[in-house]
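Trainee: This is what each chain is made of:
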Amino acid sequence: MNMGVTIAGLTVTYGDLPAVKDVSLRLEDGTITGLVGESGSGKSTLALSLLGHGNIASGSVFIDGVGDMSKMDKGALRAVRGAKIGYVFQAAQNSLNPLLTVGKQLLDLAKSHGVRDVRGAHPLLRRMGLDPDRVLNSYQHELSGGMRQRVGIMFALVLNAHVLVLDEPTTALDMITQANILQIVREVHADRGLTTLIVTHDVGVVAEVASRVAVMYGGRIVECGSTKEVLANPRHPYTRGLINAIPRLTGPVDVAKPLPGTPPTLGTIPAVGCVFRARCPIRMDVCSAQEPEMIDDVACHAVGVTAK
Amino acid sequence: MWRIAGHLTRGLAMIWAVTTFTFVLIRLMPGDPVQVQYERLIAQGMTPDQAESATAITYGFVPHGPMWKQYLEYMWGLAHLDLGVSVESQGVPVADRVFGALPWTVLLVLSGILISFLIGVVLGVVAAMRRSTMVGHGLSIAGSLLHGVPPFVIGIVLAALFTRRWRWFPSGGHFNGDEVSPGFYYDFIGDVAYHAVLPAASFAVASYGGWLLAMRSSVASVLGDDFLLAAELRGLRPFMRFRYLARNAILPLFTVLAISFGLVFGGSIFIERIFNYPGLGMLLYQSIGARDFSMMSGAFLLITAAVIVANILADVLYTVIDPRVRRQA
Amino acid sequence: METGPNSLPPPLLRRCKVSAVLRALRRRPSRIAGVVIILLFVFMAVAGPWFYPDRLPYDADNIYAPISWEHPLSTDFEGVDVLALVVTGTRGVMLVAVAAGLVTMVVGTAIGLYAGYRRGRPDSVLMRIADFVLTIPGFPLLIVLTVTIGLGAWWKMALVLGLTGWGGLARAVRSQTLSLRERGFIEAARGLGLPTRHIVTRELLPNVAPYIATNLLVAVTAYIYAQVGLYFLGVLPLDTSNWGVMLNAAVFQSGALISPDALPYLLAPLGAILLLTLGVVLIVDALEEIFNPRLRGS
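Those sequence lines, one after another, are chains A, B and C.
Numbering (the working numbering) for the first sequence: 1 to 308.
Numbering (the working numbering) for the second sequence: 1 to 329.
Numbering (the working numbering) for the third sequence: 1 to 298.
Some hints could be false.
[What the hints assert, rightly or not] Under 7 Å between C-beta atoms, here's a sample of chain C residues computed to sit facing chain B:
| # | residue |
| --- | --- |
| 1 | Thr135 |
| 2 | Pro137 |
| 3 | Gly138 |
| 4 | Phe139 |
| 5 | Ile143 |
| 6 | Thr148 |
| 7 | Val251 |
| 8 | Gly271 |
| 9 | Leu275 |
| 10 | Thr277 |
| 11 | Leu278 |
| 12 | Val281 |
[As the list claims (entries may be wrong)] Here are some of the chain C residues that sit facing chain B, going by a computed Cβ distance under 7 Å:
| # | residue |
| --- | --- |
| 13 | Tyr58 |
| 14 | Pro140 |
| 15 | Val144 |
| 16 | Gly229 |
| 17 | Val235 |
Keep in mind that the hints were calculated from the coordinates and are not lab data.
From the three backbone atoms N, C-alpha and C, an ideal C-beta is built for every residue, glycine too.
Full structure from sequences and hints, please.
Mentor: Given below as structure tokens:
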């Protein structure tokens with residue numbers, strides 16, 4: 001099944017303020033794309049807009065074979081959510097109703113989408129190393145963080161969705177559980193031929209599972225490309241900063257350089273010019289006057305100059 | 001199970017504390033009625049022995065002897081539901097009167113709480129959903145106002161409007177003894193309901209505001225929970241999401257329920273007085289007026305016991321509904 | 001969202017207070033009305049009796065007089081001006097209620113702070129007691145006490161009201177103290193080597209104060225109504241003039257429910273109670289917004 005996602009000129013606002021501005025991105029069918037950025041960069045807002053959630057001011061989110069999520073009415077959106085596109089919350093967030101067992105909530109999901117048979121949950125849970133009967137009879141508070149995350153993935157995929165969005169799937173989990181969850185994401189992605197978007201602040205997660213990566217800052221995508229290329233040869237100064245901030249296993253610890261300054265919040269994003277210029281080591285005059293255009297998968301005046 | 005056992009022991013301990021308290025009130029306070037009656041009987045010409053046995057029948061303890069012995073005898077009597085004999089209407093056991101009055105108060109209190117709970121919960125959801133609109137503000141202010149006004153104000157207003165201004169409902173009593181006699185048949189039940197409408201409505205109007213406010217803040221906090229967004233992103237039908245919201249929001253209200261029982265039983269004195277309704281509150285009021293101390297302590301004990309029992313039931317209900325508590329138990 | 005004034009350290013909290021009060025008042029003008037109403041009642045309680053003679057003049061020829069400038073709220077069954085009765089009836093109940101409120105405040109705050117600060121055994125014992133006080137139906141207890149120990153003296157009434165009403169405040173103060181503890185205030189202060197007295201009075205009290213203020217306001221009103229209720233039932237001697245006595249006379253004696261002429265005599269004390277409640281509701285609404293910005297409807 002061919003279900004890539006095309007985001008074109010997307011702007012999502014909170015009140016009057018754009019949390020995501022003029023973003024264009026293509027999630028190729030069958031790939032895992034990593035979306036990295038600091039908190040407040042708008043990456044979760046972008047992820048939610050894939051399900052048509054949030055106040056989409058302009059632009060479109062087109063899922064192949066489904067349609068434009070930004071133009072659907074409530075009923076159509078509801079039918080698509082959960083059935084064609086699945087969303088997995090951060091482990092620390094409680095995405096389950098605390099008063100119902102997992103099994104009961106699974107039945108509610110099935111009923112909502114007019115599906116009678118949800119026995120697909122059993123092999124799916126077993127595939128992720130869980131005992132289906134036990135899990136389906138459990139309440140949220142009886143599951144560990146790692147188990148909740150697997151149950152979240154089960155909910156996202158049990159109705160055979162082909163687009164999977166994971167928001168910080170490994171945050172707040174211990175290292176071993178993180179590795180497990182990433183392993184599972186890789187496996188089910190391959191098994192089912194999904195189109196996956198994985199949102200994270202952790203470049204390591206992207207390096208491990210994603211074949212493509214998009215870097216977000218201040219509501220804009222500043223650089224994207226194949227993971228290997230971007231990580232090995234980052235062109236945008238922000239991407240370089242992110243990668244330099246990672247401590248290495250070998251060599252002196254102080255090689256890792258934290259990014260100076262703090263990321264902008266929704267209210268402090270500059271309205272004109274490059275959003276990154278306040279923290280940029282290679283700032284130029286043009287940066288405060290004009291917003292850089294996305295040229296050759298990178299949006300930076302400095303890169304543009306050297307390319308020309 | 002352990003939780004329920006714990007509640008039972010705590011309830012029993014509280015009932016014990018209250019009985020001890022009433023004992024102290026009646027026996028040790030200045031103007032001790034037992035002593036007063038004993039002396040009055042002697043003054044009327046009884047021998048000390050006669051006076052002593054007469055007093056003992058009335059109050060359940062003898063006017064002389066060591067306090068601890070009197071206390072033990074009093075408690076022993078209570079354990080057998082012997083609350084003494086009424087001073088005012090000589091010879092009538094207090095237990096008969098208070099247990100006869102109890103069902104009528106329970107009828108009013110339960111129907112009042114049930115109605116107010118339903119109205120308050122529904123309006124609370126509306127107030128939370130429309131928090132920033134005029135409707136939401138209006139509902140909240142009206143709710144707090146009615147919640148803050150003492151129940152007798154509501155009772156007086158309802159009585160003035162519906163028994164005097166418009167004579168829609170009877171102005172007093174629990175049923176019309178001239179027309180129906182007690183029994184399990186349509187006319188009697190209808191007449192009881194007809195007489196109970198206004199007093200129960202007074203309870204409901206006086207307390208629905210509390211439910212509204214509690215439900216409003218509860219809904220507002222559940223609306224911010226992630227599992228509702230998750231349910232939306234899974235494409236759950238709107239009514240299912242509403243059910244998730246409602247069940248989670250109502251749950252904390254069961255802890256409020258416990259407190260409200262005390263308030264409502266307390267308010268029953270006013271409501272029953274205003275509507276001349278022969279329940280426990282009315283009995284307590286009458287015994288105060290007549291200085292009928294044995295009846296007074298009996299009625300007070302039973303009201304307190306009813307509140308404690310209601311508390312325990314509310315908590316058991318909570319335990320049954322909330323799996324987080326249930327599975328630990 | 002999580003960073004309201006409550007999570008700021010105490011000095012910062014204090015600095016924003018004045019402006020927060022003004023802002024909350026300006027956000028909804030009805031709150032100013034609330035302040036005005038409460039000030040009116042305080043004024044009535046303090047200065048009201050000065051405007052009238054000790055014994056209000058009665059006029060047997062002028063019973064249930066029509067509403068006029070002379071008798072804006074008509075007259076009662078003896079021809080006494082109803083407005084005068086409402087005004088002069090404020091001081092007595094208000095005095096007792098404020099005194100009882102102070103008792104509640106001291107006891108509730110002390111017990112709540114101590115329980116929340118010490119935790120462990122003292123906490124669970126004290127909270128059991130608080131639950132006990134909360135569970136005993138207050139009003140029945142009150143009328144039982146009126147005949148056993150007698151509540152005629154104002155200080156007795158204040159003491160009994162105050163001592164039966166501290167349960168809720170103690171619980172609120174305790175849970176607030178516990179949550180301050182969780183946020184690390186106390187550990188931080190202790191780490192700095194501050195003495196316990198300083199931690200309690202300088203760090204804890206200012207942060208708990210909002211809850212005390214809100215509770216105190218609600219408690220004082222409840223105590224006013226409890227007294228009015230006792231007089232209304234007629235279990236206290238009806239020799240003073242106050243709203244409860246008026247209601248008692250109107251409902252149970254003079255038949256104001258039947259005769260439309262006597263209606264103002266019934267409506268005046270009811271109106272006073274409604275107005276007072278409205279004032280309190282509006283102010284509590286403002287207080288809650290000042291102290292808990294998350295409630296703000298955006």
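Trainee: Could you work out which of the previously given hints the structure breaks and list their numbers from low to high?
Mentor: 8, 9 and 13
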